[in-house]
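Visitor: Below, each chain spelled out in residue letters.
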Amino acid sequence: MKTFPIKRGLALMVLAIAGLYPGTASAANTLVKSTGLEDETLFMILVIIAIFQSLAIVVIANVIKAVVSKSSLWSGTAGKAGAAVVTGLLLMVSLPSQAAETPDFDALVTMNDTAFIALVTLNLFLFAAFIYLVTKLNGLLNMIRQANGYELPETFITKLNEMLTDTVPIEREEEVEMDHEYDGIRELDNNLPPWWLWGFYFTIVFGVVYLINFHISGTGDLQIAEYEQEMEAAELAKKEFLATQENAIDENNLELLTDASALAAGESTFKLYCAPCHGESGGSNPGGVGPNLTDDYWIHGGGIADVFKTIKYGVPEKGMVSWQAQLSPNKMLQVASYIKSIRGTNPENAKEPQGELWEEAVPEAPAEEAVDSAAVELEITMAEE
Amino acid sequence: MELEKFNYDNGIVRKFLIATAIFGVVGMLVGLLAALQLVFPSLGFATDFLTFGRIRPLHTNAVIFAFVGNGIFCGVYYSLQRLLKTRMWSDLLSNINFWGWQIIIVAAVLTLPFGYTTGKEYAELEWPIDIAITLLWVVFGLNMIMTIINRRERHIYVAIWFYLATFVTVAILHIFNSFELPVSFLKSYSWYAGVQDALVQWWYGHNAVAFFLTTPYLGLMYYFVPKAANRPVYSYRLSIIHFWALIFIYIWAGPHHLLYTALPDWAQSLGVVFSIMLIAPSWGGMLNGLLTLRGAWDKVRDSAVLKFMVVAITCYGMSTFEGPMMSLKNVNAISHFTDWTIAHVHIGGLGWNGFLTFGMLYFLVPKMWGTKLYSTKMANFHFWIGTLGIVFYAIPMYWAGFTQSLMWKEFTQDGLLAYPNFLETVTQLAPMYAMRAFGGAIYIVGVIVGVYNLILTARQGSFIKDEAAEAAPLAPVYTRHKGEYWHRALERKPMVLMVLAIVAVSIGGLIEIIPTMLVKSNIPTISSVKPYTPLELEGRDIYIREGCYNCHSQMIRPFRSETERYGEYSKAGEFVYDHPFQWGSKRTGPDLAREGGSKLRKPNSWHYNHMYDPTTMSPGSIMPPYPWLIEDDLDMSMTADKISAMRTLGVPYPEGFEETAVADLQAQAQEITDDLAETGIETAPNKEIIALIAYLQRLGRDIETTEVAESN
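Sequence order for the protein chains is Y and A. Reminder that position 106 of the first sequence reads as 106 in my numbering, one-by-one numbering, no gaps. Reminder that position 25 of the second sequence reads as 1025 in my numbering, one-by-one numbering, no gaps.
Source of the hints: derived by calculation from the structure; they are not laboratory data. Any given hint could be a false lead.
As the list claims (entries may be wrong) - Below, simulated DSS-like cross-link-like pairs (lysine-lysine); rule was C-alpha separation at most 27 Å, straight line:
#, chain 1, residue 1, chain 2, residue 2
1, Y, K238, A, K1409
2, A, K1409, Y, K239
3, A, K1687, Y, K318
4, A, K1571, A, K1599
5, Y, K238, A, K1599
6, A, K1377, A, K1367
Construct the complete structure from the given sequences, taking the supplied hints into account.
Guide: Structure (structure tokens):
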């Protein structure tokens, strides 16, 4: 039974891959949402199913083991192979029980996505193993029956099999052998397998119904109608969601953020999306793609609302991308506020000024002092908190 | 009747066999390089002929036409002679077939990496090579047909039906998809534009899979499986039904590569339903292959040949079930443009074609060298490591496909894309790409061990160049059996069978293609869509030359997740001047259909920096750098000819425009150069990068022109 380790390797690989990707939140989430189950309950149910399946496997494996060891049919290599299968399955069974006994139970529950995928995969695998063992056991019993001179009973399965395949057994295959051969290749003339033929008919009916549905009766939506519905539904869902939120920020009601955490969040967004064109420091660089954001010169206005609008809507003809489809209003405000906060930092190797000198509504202070006052303000807000 | 003595020509089979082995290893190594480049982009070495966009077409062409192509000829030349009890009709034609095919492969190696390409997937070879392929294919067909005519066997066996269908259909596909207008010795434009070009291309592309990778291999299966197992074929009538159903239905399924695109809905739906109907005919082949092994499964344990064939047929069954499922629009919405497609084709390629080829080689070498396989152990090693290789290749790719698709489509509650930065959805796949490369690598290890084993096998035997055989000639008159099956009559009349096959494969193509070409309502015109300027046209040719379409699509599907990311979905009327279309089939990078549109538009300097080194503008990007575009001068010597050629193809450039085209080009180039200079980038207007920037900035602009005018 050389193949066995490979099969187990595959199983482990599937599990390993399942663990690799932490982002398939949607499957677990949808299930949790649609059934109204708690994360913990779902987790427990999966664990319990896994345990039950493991127990069932252990029981069947032991039955097989008993049959194999008592039956004279099995000796030598075959017996060893059977033992290998059983040992292997027992090994696998120990996997879920280990998982269940892990002391850090809460940690497992909270990492729900990975755990969910791993558990579902495990359950599917256990189920396959269970079915496999049941069929093996059946086969074994049949062999023993035959060896002891019993006729195999015609079961539902054998009848179904006959009906679906309509095949002439090998022993009688001369009956359907054709009277020719090509370079020694003979041909039988078995009937078309009925399951195959029905399947073929089904696909043809499917095709006709499909075409009628989409192109004759017009009951099915073609892609543009489908798209419009998708957009409407999304718009509605978004409105509903936003209604539950506090007033959304826009360029008319925004206020400059000055607290350190907001500016830090703005900075990290800036580093991710803005830095490629405007430089890590915000000063761009000579020959840089975007303008310097630390000086007093602005192409599209330097007020907080101006900066916010430039980020939100972009300036397509200048190459400034619109971010409103990518960043939430709050994130855009954080970035805009961060940009205001780096004014006058005079980074090294910055780009020359572009646009017009911008003057704040409040009297202009020299650049250095502006920084200081911003810092002071920051300290104050932090002290207040 | 007196027996005639004659010889089978094993010499020609040996030639094709060696070529199959060599190009198998080479083509797969090129594929491995491409796979590794997605993990370690520096493996492109910033060298033009080693970039992914040029290496990937080399890989696909090499494995399809060099590896499988030689494999087809190898198996056909061996089995055809024996099934017809005659030597090949002409040794000269056989040898022309062999050497001509190898010259074509060399021509591919000498053109594709150097940017000579038509830009149509799996049909990238330029027009002189296309003509050579056509002639060579006729040589092959003529030799086969004449051999059939001179046969000593009254009826032709099912394998030969498949060979004949392969010959006629590949000829039709190749000729019609290769209609192109030459501009120079190694540059041409596709005769069709946009939607029509896409339809013809995927009619071809899909049926290249059907009639180059499938039908000839089914023929080989019908010969080698019963030979190796020494068992009768399971069902003669199944072979008749599935043969005719397969070739008739297959040809319709091409549009399933274009679901949710700007292709008319009715053509898409035909593609869907015929793909679903294709399951049974495909599985008919699988059943006849696997059930032939009834009563011989014990032999599978010992015979390397059968082991490979069983896995090959199983993989065939899996991918021909998966393919129709991926053709359902709701599944395709997830799978298309992702690595799922890559996983799917590699189940077919590595499993079906690869393993059936190796099974065949393990059968042929001991037979033709009159010896036993050198090492069963090595063959078993090859089998297991190859199977593992397929698994390690496919599973990560499925995973990558699901992952990326879900990330593309995920929205936050406030209606924003959860992963607005496309790059995030790519870097997420790095571990899967690494694992895929590992799977591919161990598969190749198996192939190399296999080739070594075959060499040692040949060494220990002595080659039987002309294998003696004897058979009676055909009697001049044939009296038919009583109560014989009606199809037997066709098997006596191979030429009639061939003509019927032509009819069967023509219907689907004609019904789909002709209305798309002729009925105007299929492609509603958009008045603001204008031809490319000469500079943009030159830029587009650079885009094609660099193989950008291998990673970037230009087709925004009508999904919220795409219109939010890229802008308005693509319309059929936007592509009417695209010779060839560049919709692409895979998004390793983002869609570019609206790269110049208001939503995505970036400054010229962004593109300049990005092409020089993509990671400066998109940290973490796996796109290769294109420094030569910045250094190399644009070749303007053909600009006028290109304009004239485009006019011939129906692009409405005014009469005489070609004379002022270069001046027009230079003026536009100067504008971009000046703009770059403003941001401190010093370059000359005659550099290639300027043309490419012009093209990228034009993409998706046309349907916005009115809007832009308003907002200004």
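Visitor: Look at each hint and say if it fits the structure.
Guide: The hints, checked one at a time:
Using a Cα cut-off of 27 Å, the hinted pair K238 (chain Y) and K1409 (chain A) holds, with the two alpha carbons roughly 16 Å apart. Straight-line distance between C-alpha atoms of K1409 (chain A) and K239 (chain Y) comes to about 19 Å, which keeps the hinted pair within the 27 Å bound. Straight-line distance between C-alpha atoms of K1687 (chain A) and K318 (chain Y) comes to about 22 Å, which keeps the hinted pair within the 27 Å bound. Pair hint K1571 (chain A) plus K1599 (chain A) holds up; C-alpha atoms about 17 Å apart against a cutoff of 27 Å.
Distance hint between K238 (chain Y) and K1599 (chain A) is fulfilled; the C-alpha atoms sit about 21 Å from each other, no more than 27 Å. Distance restraint check for K1377 (chain A) and K1367 (chain A): the Cα-Cα separation of roughly 19 Å lies within the 27 Å cut-off, and the hinted pair is therefore satisfied.
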